[in-house]
Every structure is written in structure tokens, then in C-alpha cells.
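K.L.:
Sequence:
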Amino acid sequence: MTTNGDKSLESFQDQILRLSQSVDNLEMRSRRKILLLHGVPKEKQEDTAEVLRTLSKQSLNLMTLK
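In terms of this note's numbering, the numbers along the sequence shown are unbroken and rise by one, the last being 70.
Among the hints, a few may not be true.
[To be verified] Cross-link-like lysine-lysine pairs, in silico, DSS-like; alpha carbons within 27 Å at most:
| # | residue 1 | residue 2 |
| --- | --- | --- |
| 1 | Lys48 | Lys61 |
| 2 | Lys46 | Lys61 |
| 3 | Lys48 | Lys37 |
| 4 | Lys61 | Lys37 |
Honestly, the hints are just simulated from the structure, not real lab data. All values reported here derive from a predicted model rather than from experimental measurement.
Assemble the whole structure, with the sequences as input and the hints as a guide.
P.N.:
Structure representation (C-alpha cells):
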């Protein structure tokens with residue numbers, strides 16, 4: 005037999021699960037338009053586009069980026 009307390013607990017657990025899924029979804033959507041580069045030193049007032057061009061030429065052997 006389930007009591008009102010059990011139903012309330014299940015309701016709260018369901019709400020927590022749905023909120024957690026919503027937060028995960030929002031975080032995923034916010035990351036879609038960014039590029040993360042790990043292992044590349046960050047410097048003050050760097051030109052990110054130039055860093056990417058240099059990285060692509062030296063490390064990845066890609067053709068010139070415009």
C-alpha cells in the first residue's frame with residue numbers, strides 16, 4: 005500500500021529527474037556553437053583566429069584557412 009508520503013516522494017523524484025534532464029539539454033544546446041581546444045596555451049590578448057590558423061598548419065597539417 006502506498007501512502008501519500010510515498011506518492012509525494014515519487015512526485016519530487018520525478019520533478020528532479022525532469023529538471024536535471026532540462027538542465028542537461030540547455031547545457032548541450034549552449035555548447036553547440038563553441039570550439040574547445042585542449043592543450044593549447046592561452047595568452048592575454050591573443051588573436052584566436054591566428055592561433056587556430058597556426059595550429060591547423062603546424063599540428064594538423066591542414067591547408068590555409070581564410
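K.L.:
Does each hint hold? Answer for all of them.
P.N.:
Hints versus structure:
1. Lys48 to Lys61: 22 Å, holds
2. Lys46 to Lys61: 18 Å, holds
3. Lys48 to Lys37: 23 Å, holds
4. Lys61 to Lys37: Holds - the C-alpha atoms of Lys37 and Lys61 are around 23 Å apart, at most 27 Å.
In the structure shown, no violation is registered for any of the earlier numbered hints.
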